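With chain H fixed as given, assemble chain X onto it according to the hints.
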Amino acid sequence: MRFIGKTNIKFIEKRRIWYAVSLIFILAGLISLIFRGIPLGIDFLGGTEVVVRFEKPVSIGDVRSAIAQIGLAKSEIKTYGTHNEILIRTSEQMEGTKIGEMILSALQSKFRDNKVEVLNEEKVGPRIGAELRRKAFYTVILSLIVMLVYIGLRFKPIYGVGAVVALFHDVLITLGFCSIFSSVSYFNIEMNQSLLAAILTLVGLSVNDTVVVFDRIRENLKLHKSMDFISLVNKSINETLSRTIITSGTVIVVLIILLIVGSEITRGFAFALTIGMITGTYSSIYVASSLVVDITLSRQKREEKKKLLKKQPVMTK
Amino acid sequence: MKKNRWKIILIIISIVATLWYLYPTYKDINYQKKLSELRGEDSLKFVQQHIDDIQKVKQKRIKLGLDLQGGMYVALEVDIVKMLDNLAKNKDETFRQILAEVKKKAVVSQEPITSILLREFQSRGIRLSRYYGDIRQSDSEIISELEKQAEDAVDRALEVIRNRVDKYGVAEPSIQKQGSNRIVVELPGVKERGEVRQLLQSTAVLEFKLLKPADIAIKVMQTIDNYLAGKGVVDTTDTLRTTASSDTTKKDTVKTIASELGADTTAGLSEFERFKKEHPFFAYVRVDEQTGIGFVLARDKKMVEYILSRPDVVNLIPPDFEFVWSAKPFTAQDGNQYYNLLAVKKDPEITGKVITEARATIDPDNNAPIVIMRMNSEGAREWARITGANINKHIAIILDGTAYSWPVVRTKIIGGSSQIEGLDSPEEARLLEVVLKAGALPAPLEIVEERTVGPSLGEDSIQKGLKAALLSFIVIVLFMVIYYSTGGFIANLALVLNIAFILAVLAGFNATLTLPGIAGIVLTIGVAVDANVLIYERIREELAIGRTLRSAIDEGYSKAFSAIFDANITTFLTGLILYNFGSGPIQGFALTLMIGIIANLFSAVFITKVIYDIIAEKYPQIVKFG
Numbered sequence: 001m002r003f004i005g006k007t008n009i010k011f012i013e014k015r016r017i018w019y020a021v022s023l024i025f026i027l028a029g030l031i032s033l034i035f036r037g038i039p040l041g042i043d044f045l046g047g048t049e050v051v052v053r054f055e056k057p058v059s060i061g062d063v064r065s066a067i068a069q070i071g072l073a074k075s076e077i078k079t080y081g082t083h084n085e086i087l088i089r090t091s092e093q094m095e096g097t098k099i100g101e102m103i104l105s106a107l108q109s110k111f112r113d114n115k116v117e118v119l120n121e122e123k124v125g126p127r128i129g130a131e132l133r134r135k136a137f138y139t140v141i142l143s144l145i146v147m148l149v150y151i152g153l154r155f156k157p158i159y160g161v162g163a164v165v166a167l168f169h170d171v172l173i174t175l176g177f178c179s180i181f182s183s184v185s186y187f188n189i190e191m192n193q194s195l196l197a198a199i200l201t202l203v204g205l206s207v208n209d210t211v212v213v214f215d216r217i218r219e220n221l222k223l224h225k226s227m228d229f230i231s232l233v234n235k236s237i238n239e240t241l242s243r244t245i246i247t248s249g250t251v252i253v254v255l256i257i258l259l260i261v262g263s264e265i266t267r268g269f270a271f272a273l274t275i276g277m278i279t280g281t282y283s284s285i286y287v288a289s290s291l292v293v294d295i296t297l298s299r300q301k302r303e304e305k306k307k308l309l310k311k312q313p314v315m316t317k
Numbered sequence: 001m002k003k004n005r006w007k008i009i010l011i012i013i014s015i016v017a018t019l020w021y022l023y024p025t026y027k028d029i030n031y032q033k034k035l036s037e038l039r040g041e042d043s044l045k046f047v048q049q050h051i052d053d054i055q056k057v058k059q060k061r062i063k064l065g066l067d068l069q070g071g072m073y074v075a076l077e078v079d080i081v082k083m084l085d086n087l088a089k090n091k092d093e094t095f096r097q098i099l100a101e102v103k104k105k106a107v108v109s110q111e112p113i114t115s116i117l118l119r120e121f122q123s124r125g126i127r128l129s130r131y132y133g134d135i136r137q138s139d140s141e142i143i144s145e146l147e148k149q150a151e152d153a154v155d156r157a158l159e160v161i162r163n164r165v166d167k168y169g170v171a172e173p174s175i176q177k178q179g180s181n182r183i184v185v186e187l188p189g190v191k192e193r194g195e196v197r198q199l200l201q202s203t204a205v206l207e208f209k210l211l212k213p214a215d216i217a218i219k220v221m222q223t224i225d226n227y228l229a230g231k232g233v234v235d236t237t238d239t240l241r242t243t244a245s246s247d248t249t250k251k252d253t254v255k256t257i258a259s260e261l262g263a264d265t266t267a268g269l270s271e272f273e274r275f276k277k278e279h280p281f282f283a284y285v286r287v288d289e290q291t292g293i294g295f296v297l298a299r300d301k302k303m304v305e306y307i308l309s310r311p312d313v314v315n316l317i318p319p320d321f322e323f324v325w326s327a328k329p330f331t332a333q334d335g336n337q338y339y340n341l342l343a344v345k346k347d348p349e350i351t352g353k354v355i356t357e358a359r360a361t362i363d364p365d366n367n368a369p370i371v372i373m374r375m376n377s378e379g380a381r382e383w384a385r386i387t388g389a390n391i392n393k394h395i396a397i398i399l400d401g402t403a404y405s406w407p408v409v410r411t412k413i414i415g416g417s418s419q420i421e422g423l424d425s426p427e428e429a430r431l432l433e434v435v436l437k438a439g440a441l442p443a444p445l446e447i448v449e450e451r452t453v454g455p456s457l458g459e460d461s462i463q464k465g466l467k468a469a470l471l472s473f474i475v476i477v478l479f480m481v482i483y484y485s486t487g488g489f490i491a492n493l494a495l496v497l498n499i500a501f502i503l504a505v506l507a508g509f510n511a512t513l514t515l516p517g518i519a520g521i522v523l524t525i526g527v528a529v530d531a532n533v534l535i536y537e538r539i540r541e542e543l544a545i546g547r548t549l550r551s552a553i554d555e556g557y558s559k560a561f562s563a564i565f566d567a568n569i570t571t572f573l574t575g576l577i578l579y580n581f582g583s584g585p586i587q588g589f590a591l592t593l594m595i596g597i598i599a600n601l602f603s604a605v606f607i608t609k610v611i612y613d614i615i616a617e618k619y620p621q622i623v624k625f626g
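Those protein sequence lines, which keep their order, are chains H and X. full-length UniProt numbering numbers the first residue of the first sequence as 1 and each following residue consecutively. full-length UniProt numbering numbers the first residue of the second sequence as 1 and each following residue consecutively.
One thing to keep in mind: the hints can contain errors.
[Stated by the list, open to error] Derived pair list, reagent style DSS-like, types lysine-lysine, alpha-carbon separation capped at 30 Å:
{"id": "1", "chain 1": "X", "residue 1": "Lys328", "chain 2": "X", "residue 2": "Lys45"}
{"id": "2", "chain 1": "X", "residue 1": "Lys103", "chain 2": "H", "residue 2": "Lys135"}
{"id": "3", "chain 1": "X", "residue 1": "Lys82", "chain 2": "X", "residue 2": "Lys177"}
{"id": "4", "chain 1": "H", "residue 1": "Lys10", "chain 2": "H", "residue 2": "Lys310"}
{"id": "5", "chain 1": "H", "residue 1": "Lys115", "chain 2": "X", "residue 2": "Lys464"}
{"id": "6", "chain 1": "X", "residue 1": "Lys167", "chain 2": "X", "residue 2": "Lys148"}
{"id": "7", "chain 1": "H", "residue 1": "Lys56", "chain 2": "X", "residue 2": "Lys467"}
{"id": "8", "chain 1": "H", "residue 1": "Lys135", "chain 2": "X", "residue 2": "Lys167"}
{"id": "9", "chain 1": "X", "residue 1": "Lys45", "chain 2": "H", "residue 2": "Lys78"}
{"id": "10", "chain 1": "H", "residue 1": "Lys222", "chain 2": "H", "residue 2": "Lys306"}
{"id": "11", "chain 1": "H", "residue 1": "Lys56", "chain 2": "X", "residue 2": "Lys191"}
{"id": "12", "chain 1": "X", "residue 1": "Lys34", "chain 2": "X", "residue 2": "Lys302"}
{"id": "13", "chain 1": "X", "residue 1": "Lys302", "chain 2": "X", "residue 2": "Lys167"}
{"id": "14", "chain 1": "X", "residue 1": "Lys328", "chain 2": "H", "residue 2": "Lys135"}
{"id": "15", "chain 1": "H", "residue 1": "Lys235", "chain 2": "X", "residue 2": "Lys624"}
{"id": "16", "chain 1": "H", "residue 1": "Lys74", "chain 2": "X", "residue 2": "Lys103"}
{"id": "17", "chain 1": "X", "residue 1": "Lys559", "chain 2": "H", "residue 2": "Lys10"}
{"id": "18", "chain 1": "X", "residue 1": "Lys56", "chain 2": "X", "residue 2": "Lys328"}
{"id": "19", "chain 1": "X", "residue 1": "Lys464", "chain 2": "H", "residue 2": "Lys56"}
{"id": "20", "chain 1": "H", "residue 1": "Lys78", "chain 2": "X", "residue 2": "Lys191"}
{"id": "21", "chain 1": "H", "residue 1": "Lys225", "chain 2": "H", "residue 2": "Lys310"}
[As the list claims (entries may be wrong)] Some chain X residues flagged as far from chain H (calculated, every beta-carbon gap over 12 Å):
{"id": "22", "residue": "Ile15"}
{"id": "23", "residue": "Phe46"}
{"id": "24", "residue": "Leu87"}
{"id": "25", "residue": "Gly194"}
{"id": "26", "residue": "Pro311"}
{"id": "27", "residue": "Glu421"}
{"id": "28", "residue": "Asp460"}
{"id": "29", "residue": "Ala560"}
{"id": "30", "residue": "Glu617"}
Just so you know, these hints were derived from the structure itself, not from any lab. As the structure is a computational prediction, the values presented were derived from the model and not from experiment. Cβ coordinates follow ideal geometry from the N, Cα and C atoms, glycine included.
This is chain H alone, in the form it adopts within the complex:
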């Protein structure tokens, strides 16, 4: 069986259009990131988070009024999984673990005939939150630098640049999508350690497709020395297209299964990674390879210019 036979799609020729498409997506994501952001999870924010399960369904409003009575009106309250399960989060800092106990006793007195059970309770001190935020930022930057160096060494420096710009593009679009979809409570998206894990995994996985294409370009450069660069890159992309689609396809299918069937806790992770894999596949062609083409072409032009300059007669006295 075969999905994709021999193709001869002119990918590179249309790169300008796709640059524009990428820019639009990135801009939309950035706008959402700036104005809406991604809600910070307890890991990064610090504070207390309690997930409770009621015996019978309750309304968010009732829970909110119970919580407001103990002075935590500003808490974030949302359903978690089913309607019986409620997540309550407050950034309020109090000594020890009093907040969790207060919340529980407030709920117990409000819903007397409805049994409350604590499923999950987390408390993160402000020092830890700040520590994690700083570490997370450096970690992402570090992973991008490592990729730049590795690809640059294994191929040529400009390939490293192409791959890392593509990765940056993937990370930005993924974060943008996470921000846009953070209002959909099903996906359970928030900026926490597992979203960061998703971003880093995405950096590792999305570079795979890029490597496959680059590897073929490197091979074809040795085989077809006289071919012009655009056609050569095009040929390489077309030759690897089938495997790019299948390898990304298997990963995306698995991620969608994890998103739908897996636990609520890993949903945000699966969502981010699904988006990341799709953009990663796309960017290996339209960002990484296209950029390598543009950089190479502009270099060639510059060198030709230099040659032309050299050929001009020089005035001497």
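Positioned in the frame of chain H, the structure of chain X alone reads:
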């Protein structure tokens, strides 16, 4: 075939090793199933019979993270600001201002609090010796002394927490020191959050209690023994008792035959059975007649604890009488681990609050480890009275209800300075120092991070995670067979091995499987076939340009390798970075990801190549790539 011999041997070894590492997990799951069917004493009995094996497989099985089995994660930190406050002398308004400033800055800064303190003092031109230490000491000397104090406080808290958690009876607790002033406690399966907080944060109680005279201690134990023997056997289940007794009779006949034949081992066993029936208590507790101190095999401790906690047995114990356990087991000459069971007077002679100093050191006369302990004047007066009245008797040092040492009083100690000798090792002396100081806590601990996962959520997560893994597996396996025919079949074989390798390595390295870890495995299922896809697509290309099957396979493998290698290395590198960043669950994910990549290179590239080498030669007709 021949050139692959070593490769085949390597593959077989790796598969055997995998099964060997996964077997304890399989066995532990079976034990758990069995134990959940049994109740009360039956389960205690079962545990006792299989204790060695149960503990062995528990240690060697794949550990589940707290997010999967439910439980509590607590990080505690020494409240250094409070410590600074407690230790300062001549506190005035300036000091309070400075401390308030330090407290405010500490929240946002990553710097050690002591350096913030130092800077605050220096910027005001005040020397630290105004409030701390000695007037002749320099600032840096005082700072290092304060840091030492904080670290001591952590060590103390570590011992107190260990002792309490042991007593609380959590299955596999993990209590670790992180950095210089953080303690991370993981308590799987714990639900009572309030109790645990109490356990971790309340002040330790250190008491000195007098050991009961040997004859009285033995008399009480005898009463318990007689009572238990008179009532029957320790176990109350009728069915079990009848089978047990019929067993004894059977063994008795065996014994007569066996003793005639001279087989002593069976005889010894049934002798013990009979002794156990007559002396249900002394069968577990061996008593030293001189001191009245009991010796209990480490594996019998739970059983004896259970007996002593029975309400009818509690009634037999006199009101001013109490049994306490030794804190740590010791290894006796017979190679077994024993705990001591001490009979003490319930009311303490004195509490640890009077202790002002404790120091582990070396006796200059004989180089033996000793501990020197000093008391305040009020304590010293009391101590002189107590020691004077109890010469040649044992006084137990008891922290939160477990005994760490029970030295004999040699003379009346006047002046409050005592010396504890006869310790086995410098470590023991150091531990005793920590224990003696534990009563006074200049630096309280605060909870800086706490995560609780209810067991039902953990169970739920496992179910959903496994479901996602299974479904992904089925989808990928079907796709590969449909798309690549027999080639897909071999890739699937590699995939199964890949997953088995990941689990075996997790078990072998004593690593923990977390929920993100399961997500990592699911992801691996999707990524693992990538290598095979790359190779097969390449082989298809090579076949299309007219190569023979053999050479197409060889070319496919060698040409796809560089891409596979680069792709896997990049993912591995990000995994490594993630591992260094993350905490618990995320590290679990990074770990499975990294193990998955190595396992993938081995199974999807190395093993499948060997398989193709064999079958492409022998049965080329079945090799197809779709």
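Taking the hints in turn, this is what the structure says about them:
1. A threshold of 30 Å between alpha carbons decides the hint, and for Lys328 of chain X with Lys45 of chain X the separation of about 23 Å falls inside it, so the pair holds.
2. The hinted pair formed by Lys103 of chain X and Lys135 of chain H meets the criterion: a straight-line CA distance of about 23 Å does not exceed 30 Å.
3. Taking the CA atoms of Lys82 of chain X and Lys177 of chain X, the gap is about 20 Å. The hint holds against a cut of 30 Å.
4. This hinted pair does not check out: Lys10 of chain H and Lys310 of chain H have alpha carbons roughly 35 Å apart, beyond 30 Å.
5. Note on Lys115 of chain H and Lys464 of chain X: the hinted pairing holds, with a Cα-Cα distance of about 25 Å set against a maximum of 30 Å.
6. For the suggested pair Lys167 of chain X and Lys148 of chain X, the alpha carbons sit about 29 Å apart, so the restraint of at most 30 Å is met.
7. Proposed proximity of Lys56 of chain H and Lys467 of chain X is supported: the alpha carbons are some 26 Å apart, at most 30 Å.
8. Straight-line distance between C-alpha atoms of Lys135 of chain H and Lys167 of chain X comes to about 37 Å, which puts the hinted pair past the 30 Å bound.
9. With a CA separation close to 47 Å, the supplied pair Lys45 of chain X and Lys78 of chain H exceeds the 30 Å bound.
10. Distance restraint check for Lys222 of chain H and Lys306 of chain H: the Cα-Cα separation of roughly 26 Å lies within the 30 Å cut-off, and the hinted pair is therefore satisfied.
11. Distance restraint check for Lys56 of chain H and Lys191 of chain X: the Cα-Cα separation of roughly 22 Å lies within the 30 Å cut-off, and the hinted pair is therefore satisfied.
12. Among the hinted pairs, Lys34 of chain X with Lys302 of chain X is consistent with the structure: their alpha-carbon atoms are about 19 Å apart, no more than 30 Å.
13. Of the supplied pair hints, the one linking Lys302 of chain X and Lys167 of chain X holds, its CA atoms being roughly 11 Å apart against a limit of 30 Å.
14. The hinted pair formed by Lys328 of chain X and Lys135 of chain H fails the criterion: a straight-line CA distance of about 40 Å is larger than 30 Å.
15. Distance restraint check for Lys235 of chain H and Lys624 of chain X: the Cα-Cα separation of roughly 26 Å lies within the 30 Å cut-off, and the hinted pair is therefore satisfied.
16. Restraint check for Lys74 of chain H and Lys103 of chain X: the C-alpha separation of about 26 Å stays at or below 30 Å, so the hint holds.
17. At roughly 25 Å between alpha-carbon atoms, Lys559 of chain X and Lys10 of chain H fall within 30 Å of each other, so this suggested pair holds.
18. Restraint check: the Cα-Cα separation between Lys56 of chain X and Lys328 of chain X comes to about 20 Å, which is no more than 30 Å; the hinted pair holds.
19. Using a Cα cut-off of 30 Å, the hinted pair Lys464 of chain X and Lys56 of chain H holds, with the two alpha carbons roughly 23 Å apart.
20. With a CA separation close to 24 Å, the supplied pair Lys78 of chain H and Lys191 of chain X stays within the 30 Å bound.
21. Simply put, Lys225 of chain H and Lys310 of chain H have alpha-carbon atoms about 25 Å apart, close enough for the 30 Å limit, and the pair holds.
22. For Ile15 of chain X, the condition that its CB be more than 12 Å from all CB atoms of chain H holds, with the nearest at approximately 25 Å.
23. Separation of Phe46 of chain X from chain H is adequate, the least Cβ-Cβ distance of about 30 Å exceeding the 12 Å criterion.
24. At roughly 21 Å, the least C-beta separation between Leu87 of chain X and chain H is larger than 12 Å, which holds for a residue marked as non-interface.
25. Distance check on Gly194 of chain X: its Cβ comes as close as 7 Å (rounded) to a Cβ of chain H, failing to clear the 12 Å threshold; non-interface status is violated.
26. With a cut of 12 Å on Cβ distances, Pro311 of chain X stays outside the contact zone with chain H, its closest approach being about 30 Å.
27. The Cβ of Glu421 of chain X sits about 42 Å from the closest Cβ of chain H, beyond the 12 Å cut-off, so the non-interface label holds.
28. With a closest Cβ-Cβ approach of about 7 Å to chain H, Asp460 of chain X is found to fall inside the 12 Å limit, against its non-interface label.
29. Here Ala560 of chain X does not stay apart from chain H, with its beta-carbon only about 9 Å from theirs, under the 12 Å limit.
30. Once the 12 Å rule is applied to beta carbons, Glu617 of chain X is consistent with being away from chain H; the minimum gap is 26 Å.
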